[in-house]
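Throw the hints in and build the complete structure from the sequences for me.
These are the residues of each chain, in order.
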Amino acid sequence: MTLIGARIPKLDGPGKATGETRYLSDLEVPGMLHGVIRRSDRVHARIVSVDVSKALEVSGVHAVLTARDIVNVPFGHGKDNTPLKGDRVRCIRDEIAAVAAETESAAAEACRAIRVEYEDLPPVFTVEDALKPGAPEIHAGRAGNLPFTYDYAHGDVAQGEADSAHVVEGEFVLQFMTHCCMGTSAILAAFDSEGRLTLTSLTQVPFLYRRDMAAIVGMSPEDIRVIQPPIGGAFGSKLDIYPFEPIAVHLARATRRPVRIVFSRHEEFVSSPTRQPMRVRLRSGCDGKGRLTFRDAQLWLDNGGYTSWGATTPFVMMQTFSSLYRVPHARFHTKVAYTNNPYSGSFRGYGNLQATFAVESQLDLLAEKVGVDPLELRLMNSQETGEKTGQGLEFVSCGLRDCLESAAEMSGWRAKRASPALKGNVRRGVGMASMLHVGGGAKIYRSDGCGSVVSIDDFGKVTLVTGSTDIGQGSETVLAQMVAEVLGVAMDRVKVINSDTDVKPWDVGVHASRTSYVAGNSALLAANEAKAKLLTAAADLYELPKGELSLSGGFIMRGAEKVDALDKLVRTLHFTGKGELLVTHSYFEPASVKQDAGFFGNVSPTYAFGTHAVEVEVELDTGQVRVLAVSAAHDVGKVLNAMSLEGQIEGGVVMGLGYSLTEELKIREGKVLNPSFRDYHLLTAPEVPPIHFKAIETEDPSGPFGAKGVGEAPAICVAAAVANAVHHATGVRFTELPLTPERVLNGLIAAGVVRDPLA
Amino acid sequence: MTEQGYVRPDNLAGALDALADAPEGTRVLAGGTDLMVHLRAGKRFPRLVNVARVSELQALRVWGGALEVGAGVTVARLLRDAEVRRHAALLWQAADRFASPLVRSRATVGGNLVNASPAADLTLALLALDARVELVSRAGGVRSLGVDELVLGPGKTALGAGELVRTVRVPLAKPTAFHHFEKSGPRPALEISVAAVAVALRIEDGRVVEPRIACGAVAPVPLRVVPAEQVLAGRELTPALIEEAALAAAKVVRPIDDVRATALYRRRLVAAFVRRSLTAALDSQRVSHATGS
Ligand SMILES: Cc1cc2nc3c(=O)[nH]c(=O)nc-3n(C[C@H](O)[C@H](O)[C@H](O)COP(=O)(O)OP(=O)(O)OC[C@H]3O[C@@H](n4cnc5c(N)ncnc54)[C@H](O)[C@@H]3O)c2cc1C
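Heads up: the sequence lines are chains A and B, in that order.
For the first sequence, counting from 1, position 239 maps to 240 in the numbering used here; every step adds exactly one.
For the second sequence, counting from 1, position 277 maps to 288 in the numbering used here; every step adds exactly one.
To be clear, the hints were calculated from the coordinates, so they are not data collected in a lab.
Honestly, I wouldn't trust all of these hints.
Claimed, not checked - Just a sample of chain A residues kept apart from chain B, beta carbon distances all over 12 Å, derived: (1) G77; (2) E388; (3) I445; (4) S677; (5) T741; (6) N747; (7) D757.
Stated by the list, open to error - Subject to a maximum C-alpha distance of 20 Å in a straight line, what follows is the list of computed SDA-like cross-link-like pairs (lysine to any residue): (8) K55(A) x S106(A); (9) K54(B) x A109(A); (10) K424(A) x G173(B).
Beta carbons: idealized from backbone N, C-alpha and C, even for Gly.
Structure, rendered in structure tokens:
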């Protein structure tokens with residue numbers, strides 16, 4: 002192997018670094034109009050009237066649409082959302098009207114000129130209030146504001162309690178966080194003269210998107226083509242369809258012009274999906290030695306005004322409650338309730354940051370009760386390769402123990418843990434946490450597969466057409482590497498096509514850390530078949546034993562001897578009357594199963610593990626937490642591209658640190674208080690600590706070259722490790738994020754660790 | 012913006028002319044790091060007078076017993092300048108905690124003063140340093156104001172029609188001077204202060220002389236906490252005195268709750284920062300005693 006594991010720069014890197022890449026917001030097509038959406042001013046109200054007459058008078062306006070002008074088809078996981086809202090608004094994002102105009106400013110002006118008359122309805126802002134008897138009903142016919150509940154159990158929690166020497170119990174509160182993609186939400190909708198629709202879209206799931214969009218806008222899916230341009234970040238935010246997308250289609254249809262909608266940054270903060278906020282009540286137990294006995298979790302999720310994927314995060318969270326370390330008895334109950342807050346979508350980790358924060362915080366509490374080092378307690382409960390968990394997850398490879406030990410070693414755990422450093426106003430501490438996540442997709446649909454086509458042209462150029470989608474994570478590069486490796490050609494001989502549903506074969510989409518694994522295996526199948534075809538052809542042509550031939554450096558080789566150049570062989574196949582094309586295709590379906598009604602089953606063909614050890618410094622007089630270093634060890638199966646892997650880990654760690662320390666979309670009474678980068682605090686470069694990374698290679702037997710997915714993994718256990726480190730430093734346990742200076746200082750004062758500076 | 016709405020004079024006279032004949036609401040455009048934010052938020056100005064080419068606003072020198080800082084001097088230039096560090100360490104420290112390299116390379120002293128934000132860091136340092144601000148106009152000539160006379164409220168200044176800030180004059184620090192700047196922020200860079208404290212004082216014969224303590228982001232304007240200064244003046248610095256001054260400062264500030272922090276937290280920060288600053292003063296005294304200087 003030559004390319005696998007190498008440091009290979011991302012193929013899309015130079016274009017992005019030089020500014021040459023054209024994003025959707027750069028794209029203009031002839032005749033294009035600009036769409037702008039008029040949103041609600043209220044969080045819960047009846048719409049009494051909408052007067053668009055003034056908007057129609059604005060020069061340059063081609064169409065103004067309200068719910069009355071379109072067939073408003075309900076959509077989404079709860080079928081409770083519609084493109085435009087006609088009779089009622091339920092959250093601050095709500096789309097009441099949309100304008101298409103010659104310029105964005107004309108469209109915006111027209112939007113402002115629309116008069117909406119409301120009659121306020123009693124609002125609901127917390128899950129507790131939403132679930133109270135007699136609470137205002139947010140969706141008619143959805144009694145009790147309770148669209149979803151999830152229940153899972155294995156073993157017998159009562160038995161687990163009986164077996165426990167120590168039990169800890171607590172509540173954890175997790176905030177709204179938003180993706181902060183550098184490229185804001187956008188779409189371009191264009192009909193051609195035959196009525197076919199082309200959507201240039203940032204979607205992560207182009208094929209499901211075609212199907213769902215077709216239903217919303219009343220078309221056949223085959224009449225919709227999805228083009229996926231380069232994208233300025235997704236992180237899960239583009240996994241669902243949001244109202245602005247069908248609105249663009251309706252505007253294009255009404256105006257018979259291409260229509261583009263690009264969110265302003267303010268709109269992006271207010272109107273794009275968030276990480277699911279929640280309250281988690283958890284009980285965990287262990288025996289006298291520290292062996293886990295049970296976990297009992299109850300969760301309350303704020304669904305907001307409508308249902309998107311946030312409501313389904315319990316699917317992922319329950320895996321962590323049931324299977325992160327050996328848990329003989331586990332129970333999980335979740336209520337998802339409508340409120341008049343913004344609604345959440347999918348976000349890197351898919352609930353797992355929240356679940357892991359609770360689980361891993363309590364592991365430290367248990368270790369304290371037992372009187373063992375948190376590392377020892379974790380090692381004691383860590384699974385091994387070959388184990389099957391209570392939920393039926395099968396760990397065909399498991400590097401958790403290695404991750405724990407490596408993270409501890411990189412961080413200088415034992416020495417630092419022994420004595421938390423004290424230096425006047427500053428205290429230091431170290432903490433750790435691990436994570437478990439699907440590592441090869443998740444079978445939530447009947448298929449979790451991906452198709453590939455490999456072709457080699459008569460100049461020896463290899464083209465991989467993959468169903469998968471690159472949202473910046475680097476799948477294009479890694480897939481090219483795999484194909485190049487099999488066919489024995491240089492990276493620059495492989496071109497990846499992955500952005501047009503008229504061309505590429507089916508794939509579920511980019512989510513669940515599945516692309517390297519599923520699309521990788523799929524590409525390998527097709528590449529290996531192409532290789533077999535080439536070798537057979539060469540063997541026939543040159544009358545050589547096929548078993549002695551190989552591909553390397555662009556040649557068919559027999560040992561160290563060049564038999565023929567790849568391109569020449571392909572040309573021969575094309576031109577010597579045989580008329581054979583070098584095209585192969587494959588469909589890879591992972592060996593995972595759809596879980597049963599009780600959520601049992603091996604939902605992913607393999608699982609990713611990781612441990613982070615974090616060192617922090619806490620300033621006692623201000624409550625300021627500074628992260629000094631993060632030591633991250635991840636079971637990645639096999640390193641495919643060392644450089645892009647590091648990038649993925651570092652990006653994930655920084656995202657996790659933001660979640661831990663600074664990031665919160667502040668919502669009060671349904672409104673967003675900090676819709677700008679001034680007041681929504683992303684970490685910036687100077688705050689990013691050194692990140693030490695070690696890849697644990699468990700060589701997964703089912704993974705492409707042994708690899709498993711790590712897309713989401715690095716973000717997941719950061720917050721728990723930070724909170725554990727802060728506890729080590731100060732003795733104070735924080736159960737609410739983010740750990741802002743103010744929250745930490747309040748906690749330190751309440752615990753009597755420092756005296757109130759005002760006292 | 013129309014053509015006449017934007018002018019870029021080549022010298023001070025041209026700038027004053029452009030301001031003198033200007034419609035109401037006309038603004039000077041310096042680094043634009045505040046103005047562009049206002050424009051983005053939908054504010055409109057009938058005319059912008061870009062002073063980038065006005066060399067008379069670029070002075071940075073020791074002159075007549077003071078450090079003269081042109082209104083157009085950027086934060087980046089302050090940081091590079093050895094005289095600033097020597098004669099006005101407090102201003103240098105404020106510059107050091109200011110935004111990111113990108114913003115520092117454009118943001119100016121004049122813009123920081125006239126934007127009149129309660130959280131303006133340079134303004135805070137200049138207030139503690141007892142700097143004088145020189146204003147010029149075509150009609151009125153030159154006049155000079157203290158920082159607290161210039162900055163009247165959030166976004167409000169005593170700047171008259173047709174006037175601009177030409178220079179700021181900072182008295183040179185005496186050898187006995189002690190300067191200390193503290194600023195909050197979960198992010199060390201790129202942070203609008205939740206609270207900031209600037210302290211300038213002298214220690215002569217073991218006693219505090221002319222203490223000036225200014226607090227940022229805890230009142231409608233950068234605020235001198237006079238009762239805390241009175242606690243210190245003429246007294247010997249001791250841990251007990253520091254405590255007393257810190258609490259006095261926290262008592263007089265008038266912070267508000269906003270999206271960044273609560274008033275209570277801001278008050279606690281003021282106490283913590285005054286305590287830190289004065290403790291540093293005490294420590295520096297010990298060091299100078301120990302080294303015999
Ligand atoms: C990302 C970011 C981070 C920031 N961080 C900080 C920070 O850490 N600390 C801080 O204090 N500020 C910060 N700011 C605010 C801003 O950078 C400062 O206030 C800066 O000093 C403004 O200077 P400017 O030259 O950019 O002013 P401009 O935006 O050009 O002007 C600001 C105001 O001053 C007026 N003005 C400018 N020069 C003159 C003059 N010579 N005479 C009369 N009026 C004049 C303008 O008309 C305008 O009203 C930040 C801003 C941004 C965008």
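The hints, checked one at a time:
Non-interface status of G77(A) relative to chain B is upheld: no Cβ of that chain comes within 12 Å, the nearest being about 30 Å off. Listed as a non-interface residue, E388(A) keeps its Cβ farther than 12 Å from every Cβ of chain B; the least gap is roughly 41 Å. The Cβ of I445(A) sits about 37 Å from the closest Cβ of chain B, beyond the 12 Å cut-off, so the non-interface label holds. Here S677(A) does not stay apart from chain B, with its beta-carbon only about 9 Å from theirs, under the 12 Å limit.
Listed as a non-interface residue, T741(A) fails to keep its Cβ farther than 12 Å from every Cβ of chain B; the least gap is roughly 6 Å. Look at N747(A): its CB is around 8 Å from the nearest CB on chain B, not clear of 12 Å, so calling it non-interface is violated. Under the 12 Å C-beta cut-off, the non-interface status given to D757(A) relative to chain B is violated; the minimum distance is some 7 Å. Straight-line distance between C-alpha atoms of K55(A) and S106(A) comes to about 15 Å, which keeps the hinted pair within the 20 Å bound.
Pair hint K54(B) plus A109(A) holds up; C-alpha atoms about 16 Å apart against a cutoff of 20 Å. A hinted pair counts as satisfied when its Cα atoms are at most 20 Å apart, and K424(A) with G173(B) does not qualify at roughly 54 Å.
When held up to the earlier numbered hints, the structure conflicts with 4, 5, 6, 7, 10 and fits the remainder.
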